[in-house]
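Chains as they are written, first to last, in the working numbering: chain A, 1 to 313; chain B, 1 to 54.
Worth flagging that the hints you see were computed from the coordinates, not collected in a lab.
Where hints are given, some of them may not hold.
Quick partial rundown of chain B residues pointing at chain A, CB under 8 angstroms, derived from the structure [unchecked claim]:
1) 9
2) 12
3) 37
4) 41
Quantities reported herein were computed from a predicted structural model and do not represent experimental measurements.
All C-beta atoms, glycine included, are put in the ideal place defined by N, C-alpha and C.
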Amino acid sequence: MSDASINASTLRDDEASFGDYFALLKPRVMSLVVFTALVGLVAAPVSVNPFIAFCAILFIAIGGGASGALNMWWDADIDAVMKRTRKRPIPAGKVGSEEAMQIGLALSAMSCVMLALATNIFAGAFLAFTIFFYVVIYTMWLKRLTPQNIVIGGAAGAFPPVIGWIAATGSMTVEPWLMFALTFMWTPPHFWALALFMRSDYDDAGVPMLTVTHGRRATRLHILAYTALLAIFAIGAAFTDIGGPVYLTVAVVLNALFLRGAWQISRRDEAASETDNFKVERSFFKLSLLYLFLHFGAILVEAVLKPYGLGGW
Amino acid sequence: MSFKAEHELHTRRFGRNLGVALTLVAFIVIVFGLTVAKVTSGDMSLPTVGTEQN
Numbered sequence: 001m002s003d004a005s006i007n008a009s010t011l012r013d014d015e016a017s018f019g020d021y022f023a024l025l026k027p028r029v030m031s032l033v034v035f036t037a038l039v040g041l042v043a044a045p046v047s048v049n050p051f052i053a054f055c056a057i058l059f060i061a062i063g064g065g066a067s068g069a070l071n072m073w074w075d076a077d078i079d080a081v082m083k084r085t086r087k088r089p090i091p092a093g094k095v096g097s098e099e100a101m102q103i104g105l106a107l108s109a110m111s112c113v114m115l116a117l118a119t120n121i122f123a124g125a126f127l128a129f130t131i132f133f134y135v136v137i138y139t140m141w142l143k144r145l146t147p148q149n150i151v152i153g154g155a156a157g158a159f160p161p162v163i164g165w166i167a168a169t170g171s172m173t174v175e176p177w178l179m180f181a182l183t184f185m186w187t188p189p190h191f192w193a194l195a196l197f198m199r200s201d202y203d204d205a206g207v208p209m210l211t212v213t214h215g216r217r218a219t220r221l222h223i224l225a226y227t228a229l230l231a232i233f234a235i236g237a238a239f240t241d242i243g244g245p246v247y248l249t250v251a252v253v254l255n256a257l258f259l260r261g262a263w264q265i266s267r268r269d270e271a272a273s274e275t276d277n278f279k280v281e282r283s284f285f286k287l288s289l290l291y292l293f294l295h296f297g298a299i300l301v302e303a304v305l306k307p308y309g310l311g312g313w
Numbered sequence: 001m002s003f004k005a006e007h008e009l010h011t012r013r014f015g016r017n018l019g020v021a022l023t024l025v026a027f028i029v030i031v032f033g034l035t036v037a038k039v040t041s042g043d044m045s046l047p048t049v050g051t052e053q054n
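Bound-form chain B, shown alone (with noise of 0.2 angstroms):
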């Protein structure tokens, strides 16, 4: 089978790995907006240091 250049399986593929590129970047900006999300929405804030003990 002659393998050309541009054969529609070079497009196939690029679409693939194209795909699973955006999905990746996808779920890094996911996690980012989530970790910003939780912050300022105080669900992660630290316990306060303040309430003496005995």
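So here's chain A without its partners, still in its complex pose (with noise of 0.2 angstroms):
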């Protein structure tokens, strides 16, 4: 069949295109993943061919973002009413939920089977274990059952350093999960600050954040309770071996900052925060993003350094 069948019953304005398909498996959260992927495949002791390594960061990074589409498929009934997320190519629209679901399905096979390939097997049943762990565990399971959705749930973005780790090691050693700890902890802060300045977003899609179900003040004061754990475990992952005097530096100034900003929200209340529109909670939220990409950073310096005789202690 060519164009030249196409009659007026056929035609949609918003037919997808190619950007639309692309938008399903969550760019800026695969940016993440392959960021963090690619410090652990770096901070593995061993030497990876780099296209092989290319490679490996490629498929790590389409398998986080067929569970995203997978997650868009599950969610897209709550994604349609959250401002937030309404603007997705399902809600939108564009791209029909089965589809997304055949994309998702079809992505996750051929990245979990070529990771396995390009490098062990051990790291492709990892990464099939992250995809199951988030769209099962956390999408189907856990975001709309419990005010602990994101604690869990955040372990499946923890998840990719430690697979890069094993794509290139093919073992499993103390030092990725400090990593998986680091972006473990770091998610409940993060997301709680973004429930706190969506507002009603998470209210009228029915999920059970911290913030529908135990109220805002306690949303407050958890994340300034998760935010000093945190600094407690990133600092003192700096005298572990994937820290060093970069590292050191680099998480005492950022967990000052977070904690200053944890701090500060645990004291606002709710008029002073509409009177500036969230400015803290928002500035909050922004040094988060900057405080893992610094974090992770610091640890690729230290790993990159090291075979120099500079990285670490």
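Please assemble the complex out of the two chains, which come individually in their own frames, going by the hints.
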């Protein structure tokens, strides 16, 4: 069938472009996956052929994107309600939800098999587990069930450096789990700050975020508690094998700023926040993005310097 | 609805088809590159025959 056969009934102004299919893969989340997986791979104490390393990162990113597409398929109903997600390809009517599911499943299978072939079976299996964890454990099960959804679901986003490490070494040690823990403990304050200033989004969608189930005051205190725990851990990691002077400097500065932000959030009341349109909460959220990027950047610097006798202690 | 030769829909569909084509070409390049990388790095070398067995 050619385009000549198209009649008015088959024409849709909102027909998807290639970019809409790409948007299904959550490119911004993918960039975090790429970066943390790269750090996990580079920090591993073995040398990897650069092309194989490139392919490993690519397939981990595609696996992450595939789980994003499956998440959008399952959550299409609540995405349509929330302001933040309303323009995603499925609620916007560009891509059908069945189509998103098929793309997600196909890319999941392809990425796991290709990662296993490019590196080792352990890495492929771990990528499959990560996709399962994000889609089934988090998206299908916990997200709509418990206010701890973000805490447990955060594990899925924290796995990429572990996969990167396994792709390089074929084995598991404690170091990649330190990187895992960093992202895992960073996720709750990051998302709870977002929930504070997105206000009614999660209410409207019926997602049991902490702001909905325990109130905004409790959420502010939770942010402070988790940030304090994160700071202890993030600075403590400086004295392990993944740390060093560069990491320690970055961790001390960033955690001081992060703790200051969390403290300010915990002291604020709703009236003050509404007056300045959640300025403190928004800047804490922006800082959280920089926080994770710079911590992993510092781990990467330490790993790159190590062969020259400069990185680490 | 009139359907001109240069309808915007043509452009969008061409972009989609081109995207799929380039993705497939990239996949072929990756599989070829992986094969070369594996063979040259010795990952795919055949087991050596030479040890005598009793």
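Now for the hints, and whether the structure bears them out:
1. Given hint, residue 9/B at the interface with chain A, holds; its Cβ is 7 angstroms from that chain's nearest Cβ, closer than 8 angstroms.
2. Against a cut-off of 8 angstroms between C-beta atoms, the interface hint on residue 12/B holds, since the closest Cβ of chain A lies about 5 angstroms away.
3. Interface hint at residue 37/B: satisfied, since its Cβ lies 4 angstroms from the closest Cβ of chain A, which is below the 8 angstroms cut-off.
4. Interface restraint check for residue 41/B: the shortest CB-CB distance to chain A comes to about 5 angstroms, inside 8 angstroms, so the restraint holds.
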